[in-house]
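Participant: Residue numbers (my numbering), protein chains in the order written: chain A, 1 to 351; chain B, 1 to 351.
Some clues are possibly wrong.
No copy is singled out in the list; a pair is fine if it fits within one copy or between any two copies.
Stated by the list, open to error - The calculated DSSO-like cross-link candidates involving lysine-lysine, where the alpha carbons are at most 27 Å apart (straight line), are:
id: 1; residue 1: Lys51; residue 2: Lys101
id: 2; residue 1: Lys15; residue 2: Lys285
id: 3; residue 1: Lys180; residue 2: Lys302
id: 4; residue 1: Lys250; residue 2: Lys180
id: 5; residue 1: Lys101; residue 2: Lys180
id: 6; residue 1: Lys250; residue 2: Lys15
id: 7; residue 1: Lys162; residue 2: Lys101
id: 8; residue 1: Lys37; residue 2: Lys51
id: 9; residue 1: Lys250; residue 2: Lys162
id: 10; residue 1: Lys15; residue 2: Lys162
id: 11; residue 1: Lys285; residue 2: Lys309
id: 12; residue 1: Lys250; residue 2: Lys285
id: 13; residue 1: Lys180; residue 2: Lys162
id: 14; residue 1: Lys309; residue 2: Lys15
Hints are computed from structural coordinates only; laboratory data are not their basis.
Protein chains: 2
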Amino acid sequence: MTDLRNDTFLRALMKESVEYTPVWMMRQAGRYLPEYKATRAEAGDFLSLCKNADLACAVTLQPLERFPLDAAILFSDILTIPDAMGLGLYFESGEGPRFRKTVRTEQDVDGLIQPTMNGELDYVMNAVRVIRRELNGRVPLIGFSGSPWTLATYMVEGGSSKDFRHIKAMMYSQPQVLHKLLDRLALCVTDYLNAQIIAGAQAVQIFDTWGGVLGHREYREFSLSYMQRIVEGLIREHDGRRVPVILFTKNGGQWLEVMADTGADALGLDWTTHIGEARARVGSKVALQGNMDPCVLYSSPKRIRAEVKRILDDYGPGTGHVFNLGHGIHQFANPEHAAAFVDAVHELSAR
Amino acid sequence: MTDLRNDTFLRALMKESVEYTPVWMMRQAGRYLPEYKATRAEAGDFLSLCKNADLACAVTLQPLERFPLDAAILFSDILTIPDAMGLGLYFESGEGPRFRKTVRTEQDVDGLIQPTMNGELDYVMNAVRVIRRELNGRVPLIGFSGSPWTLATYMVEGGSSKDFRHIKAMMYSQPQVLHKLLDRLALCVTDYLNAQIIAGAQAVQIFDTWGGVLGHREYREFSLSYMQRIVEGLIREHDGRRVPVILFTKNGGQWLEVMADTGADALGLDWTTHIGEARARVGSKVALQGNMDPCVLYSSPKRIRAEVKRILDDYGPGTGHVFNLGHGIHQFANPEHAAAFVDAVHELSAR
Numbered sequence: 001m002t003d004l005r006n007d008t009f010l011r012a013l014m015k016e017s018v019e020y021t022p023v024w025m026m027r028q029a030g031r032y033l034p035e036y037k038a039t040r041a042e043a044g045d046f047l048s049l050c051k052n053a054d055l056a057c058a059v060t061l062q063p064l065e066r067f068p069l070d071a072a073i074l075f076s077d078i079l080t081i082p083d084a085m086g087l088g089l090y091f092e093s094g095e096g097p098r099f100r101k102t103v104r105t106e107q108d109v110d111g112l113i114q115p116t117m118n119g120e121l122d123y124v125m126n127a128v129r130v131i132r133r134e135l136n137g138r139v140p141l142i143g144f145s146g147s148p149w150t151l152a153t154y155m156v157e158g159g160s161s162k163d164f165r166h167i168k169a170m171m172y173s174q175p176q177v178l179h180k181l182l183d184r185l186a187l188c189v190t191d192y193l194n195a196q197i198i199a200g201a202q203a204v205q206i207f208d209t210w211g212g213v214l215g216h217r218e219y220r221e222f223s224l225s226y227m228q229r230i231v232e233g234l235i236r237e238h239d240g241r242r243v244p245v246i247l248f249t250k251n252g253g254q255w256l257e258v259m260a261d262t263g264a265d266a267l268g269l270d271w272t273t274h275i276g277e278a279r280a281r282v283g284s285k286v287a288l289q290g291n292m293d294p295c296v297l298y299s300s301p302k303r304i305r306a307e308v309k310r311i312l313d314d315y316g317p318g319t320g321h322v323f324n325l326g327h328g329i330h331q332f333a334n335p336e337h338a339a340a341f342v343d344a345v346h347e348l349s350a351r
Numbered sequence: 001m002t003d004l005r006n007d008t009f010l011r012a013l014m015k016e017s018v019e020y021t022p023v024w025m026m027r028q029a030g031r032y033l034p035e036y037k038a039t040r041a042e043a044g045d046f047l048s049l050c051k052n053a054d055l056a057c058a059v060t061l062q063p064l065e066r067f068p069l070d071a072a073i074l075f076s077d078i079l080t081i082p083d084a085m086g087l088g089l090y091f092e093s094g095e096g097p098r099f100r101k102t103v104r105t106e107q108d109v110d111g112l113i114q115p116t117m118n119g120e121l122d123y124v125m126n127a128v129r130v131i132r133r134e135l136n137g138r139v140p141l142i143g144f145s146g147s148p149w150t151l152a153t154y155m156v157e158g159g160s161s162k163d164f165r166h167i168k169a170m171m172y173s174q175p176q177v178l179h180k181l182l183d184r185l186a187l188c189v190t191d192y193l194n195a196q197i198i199a200g201a202q203a204v205q206i207f208d209t210w211g212g213v214l215g216h217r218e219y220r221e222f223s224l225s226y227m228q229r230i231v232e233g234l235i236r237e238h239d240g241r242r243v244p245v246i247l248f249t250k251n252g253g254q255w256l257e258v259m260a261d262t263g264a265d266a267l268g269l270d271w272t273t274h275i276g277e278a279r280a281r282v283g284s285k286v287a288l289q290g291n292m293d294p295c296v297l298y299s300s301p302k303r304i305r306a307e308v309k310r311i312l313d314d315y316g317p318g319t320g321h322v323f324n325l326g327h328g329i330h331q332f333a334n335p336e337h338a339a340a341f342v343d344a345v346h347e348l349s350a351r
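Work the whole structure out from these sequences, hints included.
Facilitator: Here it is in structure tokens:
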């Protein structure tokens, strides 16, 4: 493996000194880029794109060709694990992800396939290897997974949900069934992230997209505790270097203190939390990643720059900040505005 | 007007002593009740039901016939004001509310009708008068409105939204246009709630359903400041009695301190916040209303009772608590479980 030429992202996550605040964008390889849409059309559909290592690599690198981003993130879907467990992931246009089977009973949990990393999920590791090779030391590669709770919401509901009716009914009525499912998922996510690390991921992020719909107690019991178990099971050093882990619970701003106690290296923040106040709350335990509202990209380069400055000022002096959006970049964002965003972070944070 | 026979709800909101913790349920008149569905079918559609005072009164009273609730809430829609402003509200089955016209420019804002309370919106006041008369002093009647920000999201997006793309583009690019719209709405909501108070509402609640999608700064500037202005403009005493005002920002758990500074009498809480910690944060400034996850109603009477006990214990001794769900009751909730919920609150909180 080639030496990293830009390790600013990794150093900021470890709270080591940096020359400027590193930046990447959640969902930076995505539909807002015409070149992404072209590659996706070539692949046929979304899952075929994820499963073709060369095309997954191509779309992973596309945003790096446009913008001087400080990290690449594996292009994949968060639902690879449930799909590999036998649920049959598919996408209906405009409908979001769907599963052919749902998980509603203990028998359903028992019937899940235990996927292997060199079997059902090898295509993901293969993509990591190809991307890492093609990156050739330019910037670090981030691996990722959905959190057990977040994966479980899709598995129990059968797709996206607005009210989380079925999984919450299970949580309040048959918590032992849900715990059994989450337990299976936590083991699998640990293996999955470790396999990504061995294949070449230099940092990993756990996306807890739906942890914020839980009550304060249920968040700890049904989401956080499983993320903590994953953090404890992860390879934390590889190839002679620390592999940082980032936890991101969307709408988790009330729970940063307990998130920081998991042993993660960094927390992702959405835009509802003042990053300076978050920093004061978590102290020196973790670095912070975030937190511009992606909708700011709908405004002008000037307004974007002002917002970047506010967030940098809010964070204050010193390291431990990775700049990002507070959620994935929207499909209608203007790529030129994304460029203005990345440039503003670099210019305004230069020490 | 008849004297109130049960004013527990009003006393708890004023932090006066009570014999038990009063309880009502957001959306307590709704699709989970077969008698509601029957009346709605009789009315034809949702808007016709809102506009027919006798039928609106009938559905308002239905949950009181089933459960010993401590308050009634006006049956109406949160989008009556935008509809009266000329946007043309309609409902597509399964699609939620839609508007025939949207508000995207300053010209659109200038073109809005200024509705009057004895004109376009008189049907709401008429419903309040009929319901108050039929309640005949049984329990207090709550009036309500959507917050200016929440109303604006529907007006700008043209209906429900997942990403709030258009209103956020307006907020970040043309904040003066959005302020002009919010200003119009704040004036109208103030008149609307005052007219409800004069017509007979004995407390009012402002539903800020979508304030939680805002950044921490934008929440203050585009939602909270307008709610504060409304609170300052409300009739606070009527018929010789204080008229309490309740602010409810869904997903607003990070902002309770500034919400408490508006001068509102009480804050609504969703289930993501520990009500005891919320109480410590707001001190003696406000009462608290909440905060059971409505999905707990999908479990069993025993589990519901345990959850009620936890929340009562979390709040701790003393007055200032109105029990409620943290959001509207779901259409698939079992009415018998709602009964178990109401009974559990009364029994477990009896002093």
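Participant: Hint by hint, note whether the structure agrees.
Facilitator: Hints and how they fare:
Taking the shortest Cα distances, Lys51 and Lys101 sit within 27 Å of each other inside one copy (21 Å), while across copies they are farther apart (43 Å). Taking the shortest alpha-carbon separations for Lys15 and Lys285, only the intra-copy value of 10 Å comes in at or below 27 Å, while the best inter-copy value is 40 Å. In the homo-oligomer, the alpha carbons of Lys180 and Lys302 lie at most 27 Å apart only across protomers (22 Å), although the nearest pairing inside one protomer, at 50 Å, exceeds that limit. Taking identical chains as interchangeable, the C-alpha atoms of Lys250 and Lys180 lie at most 27 Å apart only when both belong to the same chain, with a minimum of 24 Å there against 31 Å between chains.
When the C-alpha separation of Lys101 and Lys180 is checked against a cutoff of 27 Å, the pair qualifies only within one copy, where the shortest distance is 18 Å, while the shortest distance between copies is 49 Å. Taking CA atoms no more than 27 Å apart as the test, Lys250 paired with Lys15 passes inside one copy only; the shortest distance there is 23 Å, against 34 Å between copies. In this assembly of identical chains, the alpha carbons of Lys162 and Lys101 lie at most 27 Å apart whether taken from the same copy (19 Å) or from different copies (26 Å). Within a single copy, Lys37 and Lys51 get their C-alpha atoms as close as 16 Å, which meets the 27 Å cut-off; across copies the closest is 48 Å, which misses it.
In this homomeric assembly, Lys250 and Lys162 come within 27 Å of each other (Cα to Cα) both inside a single copy, at 15 Å, and across copies, at 14 Å. With identical chains, the CA atoms of Lys15 and Lys162 are never at most 27 Å apart, being 37 Å at best within one copy and 35 Å at best between copies. Taking the shortest alpha-carbon separations for Lys285 and Lys309, only the intra-copy value of 24 Å comes in at or below 27 Å, while the best inter-copy value is 35 Å. With identical chains, the CA atoms of Lys250 and Lys285 are at most 27 Å apart within one copy only, with a shortest distance of 20 Å there and 30 Å across copies.
When the C-alpha separation of Lys180 and Lys162 is checked against a cutoff of 27 Å, the pair qualifies only within one copy, where the shortest distance is 24 Å, while the shortest distance between copies is 31 Å. For the homomeric pair Lys309 and Lys15, the shortest alpha-carbon distance inside one copy (20 Å) is at most 27 Å, but the shortest distance between copies (44 Å) is not.
Going down the numbered hints, you'll see the structure goes against just number 10.
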